[in-house]
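Asker: Residue numbers (this note's numbering), protein chains in the order written: chain A, 206 to 609; chain B, 206 to 609.
Hints may be right or wrong, so weigh each one.
Unchecked claim - Which bits of chain B does chain A cover? Going by a derived footprint, with three or more residues having C-beta under 8 Å, they are:
1. 267–274
2. 303–314
3. 483–496
Just so you know, these hints were derived from the structure itself, not from any lab. Beta carbons are placed, not taken as given, at the ideal position from N, Cα and C, and that holds for glycine.
This is what each chain is made of:
2 protein chains.
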Amino acid sequence: MSRLEEFRGIVSDDRLAEIYQRARKLYGKHIVHLNATYQGGGVAEILYSLVLLMNDVGIDTGWRILHGSQDFFDTTKKFHNALQGAPINLSKRKKDLYLEVNNNFSEFTHLDHDCVIIHDPQPLGLIRYYRKSQPWVWRCHIDLTKPHAELWDFLKGFILKYDELILSSEKYFKEELPVEQRLMLPAINPLSLKNKLLPDSTIKKYIEKAGIPTDKPIITQVSRLDPWKDPLGVLEVFKRVKEKIDCRLVFCYNIAGDDPEGVRIQRLVERKAKNLIEKGDVLFVIGNHEILVNSIQRFSDVIIQKSTKEGFCLAVTEALWKETPVVASNVGGIPAQIEDGKNGYLLKPKDLDGFAEKIIYLLKNPEESKIIGKEGKKTVKKRFLITRLLSDYLDMLNAVINGN
Amino acid sequence: MSRLEEFRGIVSDDRLAEIYQRARKLYGKHIVHLNATYQGGGVAEILYSLVLLMNDVGIDTGWRILHGSQDFFDTTKKFHNALQGAPINLSKRKKDLYLEVNNNFSEFTHLDHDCVIIHDPQPLGLIRYYRKSQPWVWRCHIDLTKPHAELWDFLKGFILKYDELILSSEKYFKEELPVEQRLMLPAINPLSLKNKLLPDSTIKKYIEKAGIPTDKPIITQVSRLDPWKDPLGVLEVFKRVKEKIDCRLVFCYNIAGDDPEGVRIQRLVERKAKNLIEKGDVLFVIGNHEILVNSIQRFSDVIIQKSTKEGFCLAVTEALWKETPVVASNVGGIPAQIEDGKNGYLLKPKDLDGFAEKIIYLLKNPEESKIIGKEGKKTVKKRFLITRLLSDYLDMLNAVINGN
């Protein structure tokens, strides 16, 4: 899992050789990634694989986690939502707390690296508390189509000090921002516990352990319980599907260290699905073991992704890789992954009937479903594996450190 | 909160000057602390204050967090319990997982420091994956009176490579272990949000926000929901007290990133206290905001600490500092803090009647209760403030780095 050579057979030798070549001008450089959490969410998963591979190809690459209080993470969760367009009361208290946590963290975090890569808004403000002596790069994983204006202006005060921004879609590029901007699509590690091929016996064991009965088709959404993932909408779609075909709905959700909102939303969905939950037709499964999530994604008949906003949406990539057909909203990075009707289905987030119709179609046509699943895997193999992302990072480092 | 000079008035100028002097031979040294979590538990709280103060006195002191999977933390939680005497099935799978996580973490954690300080068992094994080029110190916060023999032997393979062990009680010293052992009693930061003086209006605001009614006396245990904290025993004691005096019981608990057991135990207590919970006489309050915990400790009439095993027990120290009388088990570091009848009461963990009797006595005798509370604060001021601990760490660093 931590050696590039293990990707032989999945990725061509030419591609692997290219990666080793790009690393040569970076031997012995000392880089650090810094984000808000080790657990939960796609960013942490990408970083784990990426950081190990960067070390493997000869770059001393560290990974640090911001220290923050519960209050701080409550606040930055609001920042996150507001960057995706939600309202926020950007009080002085919130700004002060944001600055204080970043300032305190800087006091015990000594950065003498050749490049500092900051992920997402939580540690963005750190840059204010250092005398810059290396390039700083801000890697933003969030949908920036329409960020809250006042918050964006507050964050710009930090962003301007960065050497480069990395964004997940060209749609998020900001023309008015006089900072270099680079596109980098996220990716998955096909060898991780979350994505590797599993024997049927393992899958069955985990499905059973999770308490998921196997007598009916299973529709699953794998996501944090977050308003942008629209779990209530998923429930509505499921009700419509269930009128035609008896099946089950699984909410497979993560609890992340910086996600205090999850509990509240689960209660909300539980109230709306009371009867279905009692009958065992709607299930909540905590996806805190990667093999469990892997098993559920492989065992499900259809994966639904009814987000109203997304950065890129790795949950879709993971499902595509596993040849499970996906019915998803055409938001954020999802249309970059799914071509409607070819390797999955794309719908407007509000089109509940459309979602239900496509899911029913897939459940009723297993052969068609299989073909679509296979196309999904091809897409990921071509464009969304971690080796491609590693290569992108090496390009970026060569640009900001070596100027080429 | 991050400057030693802010302790003037609480700590004498002589003591502060001593600390500045001890730091002089350590100027510019680069030290790192490494533990399992930033959030939850006394270790993280101590480290936050300690690390900021160490930087303030001139030592470049970093703080890193081990990266582990849920599986890993489930396993190390079992290690933790087994070190305190619980049984464990020390399978090859558990050992392999422990080694794998430590090995992977070492690949992206580049330690070129002058001293590495490892906290608790989770990252203890890291040392195997480095070519040692500096002193390594293991700071163990756990009750080691009777560690599980097989696990202890497994861990000894790592411990032997360390230059020094720091333990919280002389009772935990291991004569047969050919490694330097040092006593360091933990401490609290009197200026932190958790411990600082609060205006009555703030306390009331937080008590109200937490949903704690103020019409009856309040007995509180502040602890993780962990079998060693014996929440079921607390409930039994409370029932006996309630036969004599109408009052309420508050379980103020932390949820820590590495504590998957909490939820299970809460369910257990909830079943046993069903009627009392419905009446509002037993309350669960998540103490995830430091000011909230501070408020509850200050507002409670009695703090109970019915642990059957403890490392040191900072929850007791915090209560003593706030002049709230404490009735506690005489285990672990608690008898090092409480002198029975003088600044609190000590009981055998199984003595339910004794616990109830002392609590009733304190509730019935507010003047006596006040005197005992004041004695508690004196004890902490003399021996358990973070400035004393900082001084101990400087001594340790002067010993292992400078040989004096």
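Asker: All the hints need checking, so say for each whether the structure fits it.
Answerer: Taking the hints in turn, this is what the structure says about them:
Proximity of the stretch 267–274 of chain B to chain A, defined as three or more residues with a beta carbon under 8 Å from a beta carbon of that chain, is established by the 7 residues found. Taking a C-beta to C-beta cut-off of 8 Å, the stretch 303–314 of chain B contributes 4 residues in contact with chain A, enough for the three needed, and the coverage statement holds. Coverage of the stretch 483–496 of chain B by chain A holds in this model, with 3 residues showing a Cβ closer than 8 Å to a Cβ of that chain against a need of three.
Checked against the numbered hints listed earlier, the structure breaks none of them; every hint is satisfied.
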